[in-house]
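Asks: So you can see what is in the structure, the chains are spelled out below.
Number of protein chains: 2
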Amino acid sequence: MRKQSIAATFAITLAASAAHADEGMWMPSQLPQLAAQLKAAGFAGDPAQLADVTRPPLAAVVSLGGCTASFVSRQGLVVTNHHCAMGAIQLNSTPDNNLIENGFIAHTPAEEVSAGPAARIFVTVGFDNITDRILAGARGKTGRPYFDAVDMAKKAAVAQCEADAGHRCSVADMYYGSEFYLIKQLELKDIRLVYAPPVSIGNYGDEIDNFMWPRHVGDFSFYRAYVGKDGKPAAYSKDNVPYVPPAVLHISTAPVKAGDFAMVAGYPGVTFRHRTASEFANQIDWLLPNRVAMFDGLIHTIEQASAGDKAKQVLYASNVASMKNNLKRAQGELEGLRRSDAIHVRAADEAAMLAWLKQQPDANSEQTDIRALQAELNQADAQRERDFILPFLRPGLLGAAVQLQRLAFEHSKPDAQRESGYQQRDEPMIEGGLKQLQRRFDPVVEKATLRFALQRYFALPQAQRVAEFDAVFGSTIDEAAQRVDALYAGTRLGDQATRLAAMNLDATALAASSDSLLKAAAILQPALLRLEGEAKQRAGELLRLRPAYMQALIAYRKSQGRAVYPDANSTLRVSYGKVSALTPRDGVDYRPLTTVAGIVEKNTGVVPFNAPKPLLDAIAKGDFGSTADAALGTQTVNFMTNLDTTGGNSGSPVLDAQGNLIGLNFDSNWEAVSASWMFDPRYKRAIHVDMRYLRWLLAKVYPAPNLLQEMQLPVE
Amino acid sequence: MRKQSIAATFAITLAASAAHADEGMWMPSQLPQLAAQLKAAGFAGDPAQLADVTRPPLAAVVSLGGCTASFVSRQGLVVTNHHCAMGAIQLNSTPDNNLIENGFIAHTPAEEVSAGPAARIFVTVGFDNITDRILAGARGKTGRPYFDAVDMAKKAAVAQCEADAGHRCSVADMYYGSEFYLIKQLELKDIRLVYAPPVSIGNYGDEIDNFMWPRHVGDFSFYRAYVGKDGKPAAYSKDNVPYVPPAVLHISTAPVKAGDFAMVAGYPGVTFRHRTASEFANQIDWLLPNRVAMFDGLIHTIEQASAGDKAKQVLYASNVASMKNNLKRAQGELEGLRRSDAIHVRAADEAAMLAWLKQQPDANSEQTDIRALQAELNQADAQRERDFILPFLRPGLLGAAVQLQRLAFEHSKPDAQRESGYQQRDEPMIEGGLKQLQRRFDPVVEKATLRFALQRYFALPQAQRVAEFDAVFGSTIDEAAQRVDALYAGTRLGDQATRLAAMNLDATALAASSDSLLKAAAILQPALLRLEGEAKQRAGELLRLRPAYMQALIAYRKSQGRAVYPDANSTLRVSYGKVSALTPRDGVDYRPLTTVAGIVEKNTGVVPFNAPKPLLDAIAKGDFGSTADAALGTQTVNFMTNLDTTGGNSGSPVLDAQGNLIGLNFDSNWEAVSASWMFDPRYKRAIHVDMRYLRWLLAKVYPAPNLLQEMQLPVE
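So the protein lines, in turn, are chains P and R. Sequential numbering of the first sequence, starting at 1229, is according to the numbering used here. Sequential numbering of the second sequence, starting at 1229, is according to the numbering used here.
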């Protein structure tokens, strides 16, 4: 098979494939090649215009680091989700004026408040393919050397790029090591809070409604970006001036209805859609069920060990809440992937791809690489029980001991050569963690979780046991229970001062410590370093071999008339589709738009369904002005599309066929949790704030006519 | 206002009232007057034909006592709900052949099994207005004498009617004392089980899906009624012959779709739709919230008192389950009535009625009676806290002591004059209860519930306190706690033999007992008799005065062009409407038909979502033959209508425009729990088994071609 560049692979005429028309988190540069599909879907603009992220409209779409936002005025006004601005809202709350509960309106720029020194807005100013530069030093290498060569080249590119003051740079890996892009972003540092509704609007329904449809949330807030008088990024100063963005989105005043074209631009975090069939099977048949069982068991263990003891329950409350969230997500993902029959669908697709590849000329080296990739994955699978359970064998205090030993080990190297996470700049974080442990740890509970995890360890096949872990915990579960008691009886690390003091001991001093947990950590350390080395070796091989798989997949899709987007990696992507209803299960239909009637229906007066009185009064009054939906005869609140999104898309602008802003993405439906692995068009939906609801709140409920005027919108 | 007979009031031309077109549990005799509405709704038959319950088609609709059923063949074949036949299925189950789990098919009449000696089918053979006969002796009386006169006349009518062997009779009170009907029913006693699907079909989803839509239940079973060779009702005998019913329903083979006309005939239990505005307000603002608080508190009290004690938990499991069910129903009713704004809607309607009445000539005596009715209800309200709490002050063992004292008191009268519930025929039931207590009682838990209820008692205004209760429990809650301990320390009634022996003691002996609970019961008895007397006095007044209210309501409705049905009272009623979707809340639509896809979606393999393999296989095979829905391209399971139903309608036949059987009613949706008080057309739906699903199961899954042939239906 001819080795053409992957970018060239896209330069083909693609036939619209109905079954997959709405799947895809496209790189903007791919959109011109999708012109026919975009037009067929209803897009009225010029796809070529979308290709350059430094030009309108995509230049209006910015990252907050974890969230997406967009510029909506020439004076640096930015709109994003309420939950993305929560830190700034919290920071400015006082006992006398709780902005979380009351909301916030700056009637003039002078009333705006700082979002805090850590707040950032990143404006993408460069997006360049530097694949050759990144891979030059890696070619010919394998395993760990391949990994290190890529890593070094990335660090060098970032350092060179960041020499331009006021910018932050990163290298994005597209198609699993196939292509690398240098992304350069202007880093705006003076961010101010302009408008936030009360949390009882901005997060109406909270955890109860999270992931659910129908929704009734006003999940939006406004920021404004400021720069120095020289127009350059600067820390907060009264003298700073509004940043003039390279592009601005215009908020639509047109209705939104089922079937309308919609497009979302944002920074989706991570997806696994192009993983191999064996990785799908591993995820669904092995990892997710094991994750469910593990979290379920751990939660049960902690609840039993802390039953009737309020103090212990408080220590583990945050831990348990997080595990319950993980458990719920894993269950949702498993349920969805099984419903989509993902194992068989992916396996059949891969088999067809490999059969097709076999027929292609010059495909030998690709086939060799793909076989090697599969062998590498099989090897990983052979150790999966071990790799799954080992992290659970170093909880809380024992984990701190392991970390302290590793820190001492890394201290013996020059800072630049230390493992990431153990450099000087990481030490405040380590210290914070060691302090926080005081409020997250109880020996009785930790021993119970350790015993629970050790049961799984001792159930490992002998070949997966690790000598150093055996040395610490013994050879049977009964022995381990005694060893665990002894470990926690003989340690003084439960004392915060002792833990913090140990941060400054060198490796020799720590190795000589008589503390039982530090001694155990010293025994475990060689094993952990060895396993880490193996993992990096594997990561290098996967980075080297996956491009062959992606190359085959892209070529195969091309033969089907379809393009391939890279899996999400927190870079700017565009998805297009339409406003869509959902049939979540037999007999039930979800409408694509919700209305204020649902706010009243859900309202109990108790958090999280405590709509504020001005909102309830305004709904009762029924004065919806220019923002009402004429067809529905009332005010809409949220709407749903079939757009392809994932975590990181929070705050992303949803655009109509003309490129006008019709919604803010803020969630997905429960049935779409599994979309990180497989996009099932029957169930995948994204949930948005209808900009008409935002406009109505600004016009009639918590008025901010100044902002409406600034955005050139009707004030009622 | 002219005092015309209420029956005559219906003999008017009624304009169809769109808002209320689907509300109404009509007496069959009312249907000819509704001919225009029936026709407009799509009914293709002759409404006059429906008026006589002893002629087809209503003569095919029978009562099982609590459930409804219908004849579907000339050989006495009867179809009803699976849950209505559960007793018979259980009775015939053995460890070797659990019919609940396996289902049951009699391939020939010889394989049919007896539904047990208590099974009954009641065929209505007479339905006569005997109002004058019942009220003749009551006229001119008030209060208790009015009540007693009506009661005596009813007993006399029943006794005379039941002189005809093989019949059971009752007197039904229509429009709250306005009209009385003598209902005569043939009592068939040899009932046999013919067919039941496995419970995993017949009750798929069980409590989890109870009250829920979408549903996927095959809630049906077949019985056959037998009579002696002389054609008369007879107890089970091998020599009996199939009963030839006066009418038979034909099962439809036509499709069912949204908007289709539908009609249900059955024996709905009790509704309160025509209660006064003040009774609505009392129910919603006072009784239901108090019921919720009381059951919630009692459940919490029992759970706390039995925490960590498995034996105690088992003793109260059934009690707690029943209270949770009561709690859930009360919550649902409250939620629904508030959503429907029932207090204001009913109050506005009543106010309009009273204003209209004021304009009518000759309305003085009616107005006087309505004022007196309201005064009587106000008087009851003034004691409602007391009347609510007193029953909770005699739980379990103390309740048994009260019952034993009352039994001794009643024993001193001739049997015929004893209070209903304490006659000789009731004694086996009393004995059963006293025995069952052994498995439902623990002194620690009972004392806790008593203390909980006493807190409410001691919070009563002084005017509502009862001297005898004060004498037993003291004057403060602290004193009461000590008295309760003493009561349970000084009783031997916890011993079953002692309890049963006390059934035979006379009043003098019991009065002399030194048992602490029997002594307490002796003190309470005069109070309970006094309050019972007051209640009967009030019941008499309400029975005398409510007809004026009903008269006014009926006349007022007539002026609006609407008829009035009597509130449900377990007599045969007909409701008509259509196959209907539901919008339960903003953004959600429920389709009116479910399909087998939903069975697969819900299936977990674990009870209650453990569809049997033959069903799952048949669904996978997709061979739905003549029973498939052509429009949906698959097999339907359940469907929903807006028919007016309530408890007692279980098993009721749902008929199409031609009078053919299209469904079996088996449940209502959660949003309709409040319909016992107010029919809100937005939310009231009834849930039915689609007869096509029944036919498919009989044809393809658990085949019974003999039954299909007997019902003249396609066998595939």
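These are computed hints drawn from the structure, not numbers from a lab. Among these hints, one or two may not hold up.
What the hints assert, rightly or not - No more than 20 Å apart at the CA atoms, straight line, and that leaves these computed lysine-lysine pairs for PhoX-like:
(1) P:LYS1540 with P:LYS1675
(2) P:LYS1747 with P:LYS1764
(3) R:LYS1556 with P:LYS1830
(4) P:LYS1556 with R:LYS1552
(5) P:LYS1764 with P:LYS1369
(6) R:LYS1466 with R:LYS1417
Asks: Taking the hints in turn, state whether each one holds.
Replies: The hints, checked one at a time:
1. P:LYS1540 with P:LYS1675: holds, 13 Å
2. P:LYS1747 with P:LYS1764: Given that 20 Å is the threshold and the Cα spacing comes to 26 Å, the pair is violated.
3. R:LYS1556 with P:LYS1830: holds, 18 Å
4. P:LYS1556 with R:LYS1552: violated, 27 Å
5. P:LYS1764 with P:LYS1369: Holds: P:LYS1764 and P:LYS1369 sit about 14 Å apart, inside 20 Å.
6. R:LYS1466 with R:LYS1417: Holds, at about 13 Å.
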